[in-house]
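Number 366 in our numbering belongs to position 211 of the sequence shown; there are no gaps in the numbering.
Careful, some of the hints might be misleading.
[Stated by the list, open to error] Here are the in silico distance ranges between beta carbons for each label pair:
no.: 1; residue 1: D266; residue 2: A327; range: 44 to 52 Å
no.: 2; residue 1: P231; residue 2: I261; range: 20 to 28 Å
no.: 3; residue 1: G182; residue 2: V360; range: 23 to 31 Å
no.: 4; residue 1: P291; residue 2: R253; range: 29 to 37 Å
no.: 5; residue 1: D266; residue 2: D397; range: 48 to 56 Å
no.: 6; residue 1: T226; residue 2: D397; range: 25 to 33 Å
no.: 7; residue 1: T294; residue 2: D238; range: 33 to 41 Å
no.: 8; residue 1: T247; residue 2: L408; range: 24 to 32 Å
no.: 9; residue 1: R275; residue 2: D238; range: 14 to 22 Å
Because the hints were derived from the structure by calculation, they are not lab data.
C-beta: ideal position from N, C-alpha, C; glycine also.
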Amino acid sequence: MGDLIPRSTRPPASAASPATAPAGQDGIARINWEHDRPVGWNLLSELARRALAGAGWATTPALAAWAHAPTTRRDPAGGYWRDTDAWWVDTTILLTVRAREALDQIGTGRDGRPRLRLARSGGGRVQVAAHALTGPPPTGQRWSRPQRPTGSTADPGPVRMTDAAIEVLPRAVQATIGRPTGQGAVRHYPPHGGYHEQVHAYRRVSPTELVVVSAVREAGAFPDPDTAIDAADWHITTYHADVGRPSHTVLAL
156 MGDLIPRSTR
166 PPASAASPAT
176 APAGQDGIAR
186 INWEHDRPVG
196 WNLLSELARR
206 ALAGAGWATT
216 PALAAWAHAP
226 TTRRDPAGGY
236 WRDTDAWWVD
246 TTILLTVRAR
256 EALDQIGTGR
266 DGRPRLRLAR
276 SGGGRVQVAA
286 HALTGPPPTG
296 QRWSRPQRPT
306 GSTADPGPVR
316 MTDAAIEVLP
326 RAVQATIGRP
336 TGQGAVRHYP
346 PHGGYHEQVH
356 AYRRVSPTEL
366 VVVSAVREAG
376 AFPDPDTAID
386 AADWHITTYH
396 ADVGRPSHTV
406 LAL
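Can you build the whole structure from these sequences, using the hints too?
Structure (structure tokens):
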């Protein structure tokens, strides 16, 4: 499902021994994946990403980053725009972004709705709020699902489908992040089989506090990819930071 979300390659601070996810959870959560479309930060158009990079932002791997599905809006003058909201975090900065790109109407569909495409003449802007972050180094920890006794035939519980990315993480990690300000997940299909999954989330705990979680797990295809990934260890990086006052910038497209 698309490429991996950019994430930090810097090593996290030393962590304690691997933790075990608490037993007694309500079965296994799986995400309702959507296939064959851009995902994560790549939902921002290349033009918008170039504008950010030209201003010196989002040029290195992120600790966590995500862009949400675009929304089409019509202004009072009758013009159409495509708005894409996104966020990008590393250990020094939080960016919240809205890319607004002009659309041309090229006709009307059978349902009466306008048919739109990106304006050939260009036009639009990227609105950026940048917050400086300060805090101790991120911490990393490996989380394992409790092992079933040898020979046990106990059912691990029902499978529950969800659209909330953080619900596949251990309960203790969900408690750390709370109700996310932003979240997202991506699944990659390695050439050797199985799945590689990432979850990114952040929460503005208060105007001056932020917590970020970046999680990754990978598993092969035995006995089947879904069962294997359900049992795979999570490698989770957590970052708590103080948030500075925002600076606002508008970049032309």
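Hint check results:
Checked against the given bound of 44 to 52 Å, the beta carbons of D266 and A327, roughly 47 Å apart, stay inside it. A hinted range of 20 to 28 Å for the beta carbons of P231 and I261 is consistent with their spacing of about 22 Å. Under the hint 23 to 31 Å, the C-beta atoms of G182 and V360, about 29 Å apart, fit the expected range. The supplied range of 29 to 37 Å is met by P291 and R253, whose beta-carbon atoms lie about 31 Å from each other.
Judged by the Cβ atoms, the range 48 to 56 Å given for D266 and D397 holds: they are separated by roughly 50 Å. Taking 25 to 33 Å as the suggested C-beta distance range, the pair T226 and D397 conforms, at roughly 32 Å. At about 35 Å, the CB distance of T294 to D238 agrees with the hint of 33 to 41 Å. Our hint of 24 to 32 Å for T247 and L408 holds, since their Cβ atoms are close to 26 Å apart.
Under the hint 14 to 22 Å, the C-beta atoms of R275 and D238, about 19 Å apart, fit the expected range.
Taken one by one, the earlier hints all hold for this structure without exception.
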